[in-house]
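Engineer: Throw the hints in and build the complete structure from the sequences for me.
Protein chains in written order, with my numbering: chain A, 212 to 881; chain B, 212 to 881; chain C, 212 to 881.
Please note that a few of the clues may not be correct.
As the list claims (entries may be wrong) - So these bits of chain B aren't anywhere near chain C, every CB distance computed over 12 Å:
id	residue
1	Ser267
2	Asp445
3	Gln446
4	Glu466
5	Ala588
6	Arg615
7	Asn645
8	Arg656
9	Tyr706
10	Arg755
11	Val773
Claimed, not checked - Residues from chain C shown here face chain B by an in silico Cβ test under 10 Å; the list is partial:
id	residue
12	Ala384
13	Glu387
14	Glu388
15	Met389
16	Trp394
17	Val407
18	Gly409
19	Ala413
20	Ser414
21	Gly416
22	Asp445
23	His702
24	Thr721
25	Asp723
26	Thr726
27	Val848
Stated by the list, open to error - Here chain B is said to cover these stretches of chain A; the calculated rule only asks that three of the stretch's residues, wherever they fall, bring their Cβ under 8 Å from a Cβ of chain B:
id	stretch
28	251 to 257
29	291 to 303
30	544 to 556
FYI, nobody ran anything at the bench for these hints, they're computed from the structure.
Glycine included, every Cβ here is placed at the ideal spot set by N, Cα and C.
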Amino acid sequence: MSEKLLYGAAYYAEYMPQDRLEQDMDLLSGAGFDLIRVAESAWSTWEPRDGQFDFSLLLRVLDAAHAHGISVIVGTPTYAIPPWLAKKYPDILSDTHAGPCRYGPRQNFDLTHPGYRFHAERIIRKLAQAVCAHPAVIGWQLDNETKPYDTCSPRAQALFRDWLRERFGTVEALNEEMGLAYWSNSIADWDELPDVRGTINASLGAEYQAFQRRLVTEFLLWQRSILDEYKRPDQFVTHNFDYEWRGYSFGLQPEVDQFAAAQAVDIAGCDIYHPSESGLTGAEIAFGGAMAYALKKAPYLVLETQAQGNLGWLPYPGQLRLQALAHIACGAQGVEYWHWHSIHNAVESYWKGVLSHDMAPGETYREAARIGRELAALSPHLAGMRKKNRAAVMVSTRSQTGLRWFPTCGPSQQPDKNYSDYLRWLCDSLYRLNVEYDVISDGERDFSGYDLVVLPCLYSAPEDLLRTIDSYVQKGGHILATFRTAFADEHLKIYHDAQPHMLTECLGLTYDRFTKPEPGTRLTPRIGISLADAAVTDWMELLRPTSATSLCNYAHPAWSGVPAVTLNDYGAGRAAYLGCCFSPAGLDALLEDLLPQLGVEVGPARFPLIVKRGTAPDGREIIFWLNFSGSVLPVSVPHPAGTFLPEGGAIAADEPFTLPPWGAAVLAEA
Amino acid sequence: MSEKLLYGAAYYAEYMPQDRLEQDMDLLSGAGFDLIRVAESAWSTWEPRDGQFDFSLLLRVLDAAHAHGISVIVGTPTYAIPPWLAKKYPDILSDTHAGPCRYGPRQNFDLTHPGYRFHAERIIRKLAQAVCAHPAVIGWQLDNETKPYDTCSPRAQALFRDWLRERFGTVEALNEEMGLAYWSNSIADWDELPDVRGTINASLGAEYQAFQRRLVTEFLLWQRSILDEYKRPDQFVTHNFDYEWRGYSFGLQPEVDQFAAAQAVDIAGCDIYHPSESGLTGAEIAFGGAMAYALKKAPYLVLETQAQGNLGWLPYPGQLRLQALAHIACGAQGVEYWHWHSIHNAVESYWKGVLSHDMAPGETYREAARIGRELAALSPHLAGMRKKNRAAVMVSTRSQTGLRWFPTCGPSQQPDKNYSDYLRWLCDSLYRLNVEYDVISDGERDFSGYDLVVLPCLYSAPEDLLRTIDSYVQKGGHILATFRTAFADEHLKIYHDAQPHMLTECLGLTYDRFTKPEPGTRLTPRIGISLADAAVTDWMELLRPTSATSLCNYAHPAWSGVPAVTLNDYGAGRAAYLGCCFSPAGLDALLEDLLPQLGVEVGPARFPLIVKRGTAPDGREIIFWLNFSGSVLPVSVPHPAGTFLPEGGAIAADEPFTLPPWGAAVLAEA
Amino acid sequence: MSEKLLYGAAYYAEYMPQDRLEQDMDLLSGAGFDLIRVAESAWSTWEPRDGQFDFSLLLRVLDAAHAHGISVIVGTPTYAIPPWLAKKYPDILSDTHAGPCRYGPRQNFDLTHPGYRFHAERIIRKLAQAVCAHPAVIGWQLDNETKPYDTCSPRAQALFRDWLRERFGTVEALNEEMGLAYWSNSIADWDELPDVRGTINASLGAEYQAFQRRLVTEFLLWQRSILDEYKRPDQFVTHNFDYEWRGYSFGLQPEVDQFAAAQAVDIAGCDIYHPSESGLTGAEIAFGGAMAYALKKAPYLVLETQAQGNLGWLPYPGQLRLQALAHIACGAQGVEYWHWHSIHNAVESYWKGVLSHDMAPGETYREAARIGRELAALSPHLAGMRKKNRAAVMVSTRSQTGLRWFPTCGPSQQPDKNYSDYLRWLCDSLYRLNVEYDVISDGERDFSGYDLVVLPCLYSAPEDLLRTIDSYVQKGGHILATFRTAFADEHLKIYHDAQPHMLTECLGLTYDRFTKPEPGTRLTPRIGISLADAAVTDWMELLRPTSATSLCNYAHPAWSGVPAVTLNDYGAGRAAYLGCCFSPAGLDALLEDLLPQLGVEVGPARFPLIVKRGTAPDGREIIFWLNFSGSVLPVSVPHPAGTFLPEGGAIAADEPFTLPPWGAAVLAEA
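Structural biologist: The following block contains the structure:
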């Protein structure tokens, strides 16, 4: 996978309003596209009737691609079932918290259904048999953005009962750990377990969500095991992992344990969509990229990102190139647009591709062609580039679930902020300060590679993780933990001793009171945070330091003098704690001051100038300079002497230069 | 129908809290009411048990009305089924996108249900037999505001399958035109067609809505055919068509193809409700009236409008008269209040009638009585007045459906603006400029009577219509088309060549990029639009003129210099195009400048002074002067010499006069 | 019950994450707690399997409490059913307007279900047998915040049919009174009555809600009758009545007729939760207390109120004591926190108790301990204190239901204000003016004890009540009635003669027109209401005085000169009428002026200084001085000479003193 940068688009011959295969291949190769992704959406095309298979169109596409020097990733077409399959098994559609699904949308079936599994396996085998030997095929995609589709079928719930029995052994142990006595929910026999959809027990509900995530891992491993019977050794397997969605790729995917599921793939893939036009910041590219890189601790493929994308994402001149280089800068080995051509029917017609509905090469195509040429020239330098970061941010789907059940706004309220907001609050501040970070999972137990581990709302934490954190700091590590960390165990049972559980020594504090900040609550002005940025929001804990130093207190009629942010020397290391949330600008100011005390240097470059680094296979340091603004940006910060890629213009150490609006430059050290 | 202006109210003896028939008839005739509408709401009163009929109360009402010189329109009581009928056929209630209906509300049954049809036919026949010979009965109303009630029953969906088979012939043709391959939705047999309620295919979903609209047409024609066996030749048949509802009669009715359904009636009827008090503008009266006039290209009856109406619609002194004269000015042949008396139970108790709940003649009754006298005096002059407009606005329920599936805010967003918003944006600007307009359907192919055809968001347009438009302009006609016109075919398949499809020559432009305007996007200041009114909203297309002239461009950091509004000479005609939406005031300013270039003169009168014209049967021009404001309004605009009706005061040509607050005057040319 | 003030907390041994019974009892008694409430939430603990009972944990708690001198209220555990019971009878879960419930939440079963009744009776009997003789047990709580749980099961609807038949006799009478002819809903046989959930008939729908309220009364009486077979004569029975919930205890409980249901108890109990921190005003404590006092016209127990409570209710220093004294001042005989310890699992984990999750005695515990000592010292003086108020506010669940069907914003709108808003509008103004009030039910027919009866939106009023009101004023009483009073009868049939029905003479006015006030509508400046406070909101009636004097008119372009607030001498009494709603500050200003004319003196103390009075058992007047602000408050208003309780510092008559922030003082007259 490391031999070159890939550039391409999803290609759907089956959606074309007319036959234009040759014309499209000419346009694709004319724009320097060397990759297409095919086949994953069109089960009803490949198997129009139960047991009748027809891959002729697909083979035509593969032949044409091959003739044009274009490589192909083939996706297993299992995420959208054909009408005949829905008709054959009426209970194949997922029965969810919101009730049974209707046929029509993708990803709405019960992936534990034996009929689904039988037919999915058959179409995978037939497809693999049909195309695995084709020379155009360089890799496989398992399914598409797989999720549990909230399956709550009797089948799934029976499996969940087994899962509980396996983990807890007895109903008594389950009752105890989950506190099922509350509101009289305790059970005396496993078969009394009620339909989990009604539960008000957060521990039980969260456990079902963990069980659903496990279904995804098991499903992808199962598909992988089938493909392994067919695929050539030179073909890789990937999957397009995606993110919590907020109209774009916002945060941690709550429905999949991506670290576990990534066992099924050789190279991580991801789908990153983000605001564009004046809203383009690169923050989602950086966060999504860090997540994707983390899955295999290696370069990844951006299997989907926007060309023209959804309404409101029409790229300004220059933005499409900036985005592509930003992906590469974050460690992507390839960039693939979703999709080649804008679709003429159905729900995604206004999610536009490289070509508009008129199917003519327009401005977006022309910009893509310029990028294609540039990437081809950069490829010899950048393919196989590795990232090495000194800071890590820990993500935790268990904690995410915890904050879903117990949001900062209080239970039974509609939260306006969730776990990903606080995760992004920290990640985006690091991003703006140009502190590159790795993402690590809450299953990680080796922090030795990092100077700093950031723990955003690590709400649900097993004791062995907390012990690991304590020991890491004792031995010289640094942590930056936020409010709500170490509050509950892995089953959302709140710890019933001093909070944060097992970290009171390490952090040098405890607390037993917290509230929602009232309007007007502020941080005291001690750390260079402007008054306007000092407003405390969402959550505040009344910290009681034992050994920690308060960096700032609350300013409030009743809680004045109570510490809000603390720093504690512990063993050979140091631990900082944020007892509340406040503005992004306030966090920027705080971290600028605090990070050096936590082992992380902060350079002078600031957003909208984004600086990213990597190590090329030949060992040279590569620096990406990205201008996420519509203004010309003078760059006058320290940098090594080097050469601008791919043209090769030389620049002296620290020599100033400028970036055009939405511009980017790639520097290889001399 | 042309012999006199009618004035009346819906009369519900069956809802009375006490017997007061004689007293009511005295009050009605005392106020100059010469029309009541009866019977349409009370099936359970006329047939209290299955097969037991009792029209005695109805006959008493007819007798009393006749004795007081009051004419009666009898409605078939089929829109609200009795409890015994719901109990007899549990599946008679409509099964909708939102699931099965419960008994209680009106208009909640499956109008394809054979049991419903059997009983509906029987009650119509019994009713007709009972009253058709009565001398008070001058006409019939078919049902009431008929809709498809979103029926999605297995019965309805089987009929839909037939509808598709009839139109597409083969599943292959259906798959192709609708792009069902998308997300694996293509079918191999007709009986695989899934429950349409789940579809994500806009073409299929929109087709079901077209099918539902056809059910309404068929239903009204069926009722008409039954009535035709009974009704006297001197009795007319009507139906009260209504409008897209937004707390009042806002826009085009999406659930009925009113042009088709109007085949079932002799005279169009309509129900117009509108904001009142300080919110009274007359715009709904004008738009609704133009729609109603269009159905038979002839005067219509306002079968329902508000007396005191809903909460917040208490007429100021003078408003009730202004409203009545505005209806007449738009071409109404009669005005009927809903309803005579405020109801003392159930959901519409606060939708108040001419009488308040105290059933005493109050201020509203007294104002109605003054109007009654005035209309009687105006009737000899105005009955049979015709409208003749030089501009036409095309409405299209197919396009409306298209924008519902693909709103300007993007799919899967909750639109805050829909098709009717853009339709009204144009219609209301014409209204404020006192440019009277006809409404025409998208089935119209003869535009020869018009100097200008306005095409608001004609999104879904068959090719023969587009050819007709092109040819109309070539031969000297004028069009004013907006963004999103001619984008998709009649099945919402987006055209896959240069947009606007088939109109690129006529409009002298094309485009392949569009987006949602970012805040701050403006029109360049070239056409007298104030800066405050120049904000671009909702939608913007990046126009690329071929032969068109740009009237103004976008002002935006990235899209500056891109044309937004254009004008093109084409053949003997001229075509204007609005590539974006902007403020109503901005549109007023633009149209004031643009309309004369499109063959339409704009006089000096402006809202709140509204001027409307008609041609009396004796050939005289009638001019209505309407003051939609709470201030005294001086009128000093050109007008012919004439006589104020009905009193006959003379006025010289162009002689100024004043209108009192919410006042109105009717002038007949000398 | 009058021998002492009680202070305590709900205690849930069954929810404990570890065994700490002795430790807790030490902490409880160490804080002066002398009361716990137990057992009501844990049916599945007491009866883990069908028919297997285990009260051992409960008995341990009782023993330990007794050993520590702590009294116990035992609750019947019937509000949350065990899983085995839900499994045994799948139809035991309530089928509601929103469809069938799922197992999980409390209070989600059909309390008419015979299986539920069988098992509920058995667990009550077993529990009573097990603990009634225990010396710690001083009383019983019936169930918990009982509601009808919106049961709409076929069983419940059959009972409703019986209820209707019993009340109306014939379907004809029902059709007539409810106006079922409307939209063809009239029935010819009782078994035609459709599922009431679909009804659009407000009278029928409201009647079902009255029927549901009756289910609650019947249920509590049934539980009481069972307990009476077991309980000792010295044990009392109570129930924790609660309030309309708006994130806190806001208004009148719409689902229970508390006056009827209180027949089942010896002493009224209530659950009052209220905003805290800067939002603490005491208004909910006063309103909720007046409601609770009204139920038995005697002191009551606050069975639940917040210690740390929900997120955002963290008490400032001093607030917990202020709250406790405010409850006592309103007539509470005891204050019990919900709950002792914060829970570690399930939905209410963030509703915090006296102890935080760390189970350690923190700041809240320490403040509670100070209160415990103070209450013990106050108890000899204050236990058995009675309230005697000269003003009464009438509440009416029938009217509340009426305004739910016909809100001020109009039907089919989502109301932003409901009955309780208008009730609280008046009650809170009285509160701020330090006019203490009784609450009386709309079933009350003896007003002789009051100088003033306030009638907020007495929308649904039977004629005998209206006759009583008229006669009360004639004989010298005073009323203050608002808009929408006396508009409909007890079945929501709107009266069809002059409004307000039967009160036109007493009020000296009538009206037949009303509307929603347009922005800008104001009261004329005649009564010292500032311009800013004079905005008319929500509703306005165009009053037509016959004998009444207008206190102020509307200021509005169309309705200027129309009276808005009136006063009328009638017989020996006087009647005021508010024809519209306006600001709280405007109402304060109006009432300050108006109340003395209605027989009620208004002293100089104003919120945030709250003054409350009671009569101690020894006949001394007790005055509570409560500072609901975060500032030091000087008190310089007239008061008798007396002694501050419990310490006994003396103060001369009218001698000024100060209250600390959120402070309180109790004065016993000399």
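Engineer: All the hints need checking, so say for each whether the structure fits it.
Structural biologist: Checked hints:
With a minimum CB-CB distance of about 14 Å to chain C, B/Ser267 clears the 12 Å threshold, and the non-interface call stands. A cut-off of 12 Å between C-beta atoms confirms that B/Asp445 is not in contact with chain C; the least separation is 29 Å. Annotated as non-interface, B/Gln446 keeps its C-beta farther than 12 Å from every C-beta of chain C; the closest such distance is 24 Å. With a minimum CB-CB distance of about 18 Å to chain C, B/Glu466 clears the 12 Å threshold, and the non-interface call stands.
Distance check on B/Ala588: its Cβ is at least 27 Å (rounded) from any Cβ of chain C, clearing the 12 Å threshold; non-interface status holds. A cut-off of 12 Å between C-beta atoms confirms that B/Arg615 is not in contact with chain C; the least separation is 22 Å. At roughly 25 Å, the least C-beta separation between B/Asn645 and chain C is larger than 12 Å, which holds for a residue marked as non-interface. Every beta carbon of chain C lies more than 12 Å from that of B/Arg656, the smallest distance being close to 41 Å; the non-interface claim holds.
For B/Tyr706, the condition that its CB be more than 12 Å from all CB atoms of chain C holds, with the nearest at approximately 41 Å. Every CB of chain C lies more than 12 Å from the CB of B/Arg755, the least distance being 46 Å, so the non-interface label holds. Even its closest Cβ contact with chain C, about 40 Å, leaves B/Val773 beyond 12 Å, as expected for a residue assigned away from the interface. Proximity of C/Ala384 to chain B is violated relative to the hint, the smallest CB-CB distance being about 14 Å (cut-off 10 Å).
The restraint placing C/Glu387 at the interface with chain B holds, with a minimum CB-CB distance near 8 Å, inside the 10 Å limit. Interface restraint check for C/Glu388: the shortest CB-CB distance to chain B comes to about 8 Å, inside 10 Å, so the restraint holds. For C/Met389, the interface hint holds, since its Cβ comes within 10 Å of a Cβ in chain B; the closest pair sits about 6 Å apart. Interface hint at C/Trp394: satisfied, since its Cβ lies 4 Å from the closest Cβ of chain B, which is below the 10 Å cut-off.
Given hint, C/Val407 at the interface with chain B, holds; its Cβ is 8 Å from that chain's nearest Cβ, closer than 10 Å. Restraint check, C/Gly409 versus chain B: the minimum CB separation of about 3 Å is within 10 Å; hint holds. About 6 Å separates the beta-carbon of C/Ala413 from the nearest beta-carbon of chain B, less than 10 Å, and the hint is met. At a threshold of 10 Å, the smallest CB-CB gap from C/Ser414 to chain B is about 5 Å, leaving the interface hint in force.
Proximity of C/Gly416 to chain B holds as hinted, the smallest CB-CB distance being about 9 Å (cut-off 10 Å). Interface restraint check for C/Asp445: the shortest CB-CB distance to chain B comes to about 52 Å, outside 10 Å, so the restraint is violated. At a threshold of 10 Å, the smallest CB-CB gap from C/His702 to chain B is about 8 Å, leaving the interface hint in force. Look at C/Thr721: its Cβ gets to within about 8 Å of chain B, closer than 10 Å, so that hint holds up.
Residue-level restraint check for C/Asp723 holds (minimum Cβ-Cβ distance to chain B is 4 Å; threshold 10 Å). Here the hint on C/Thr726 is kept, as its CB sits about 4 Å from the closest CB of chain B, short of 10 Å. About 44 Å separates the beta-carbon of C/Val848 from the nearest beta-carbon of chain B, more than 10 Å, and the hint is not met. Under the rule that three or more residues need a Cβ within less than 8 Å of chain B, the assignment of the stretch 251 to 257 of chain A holds, with 5 such residues.
With 7 residues carrying a beta carbon less than 8 Å from a beta carbon of chain B, the stretch 291 to 303 of chain A meets the three-residue requirement, and the given coverage holds. Note: the stretch 544 to 556 of chain A has 4 residues with beta-carbon separation from chain B under 8 Å; the three-residue rule is met and the coverage holds.
The structure shown violates the earlier hints numbered 12, 22 and 27.
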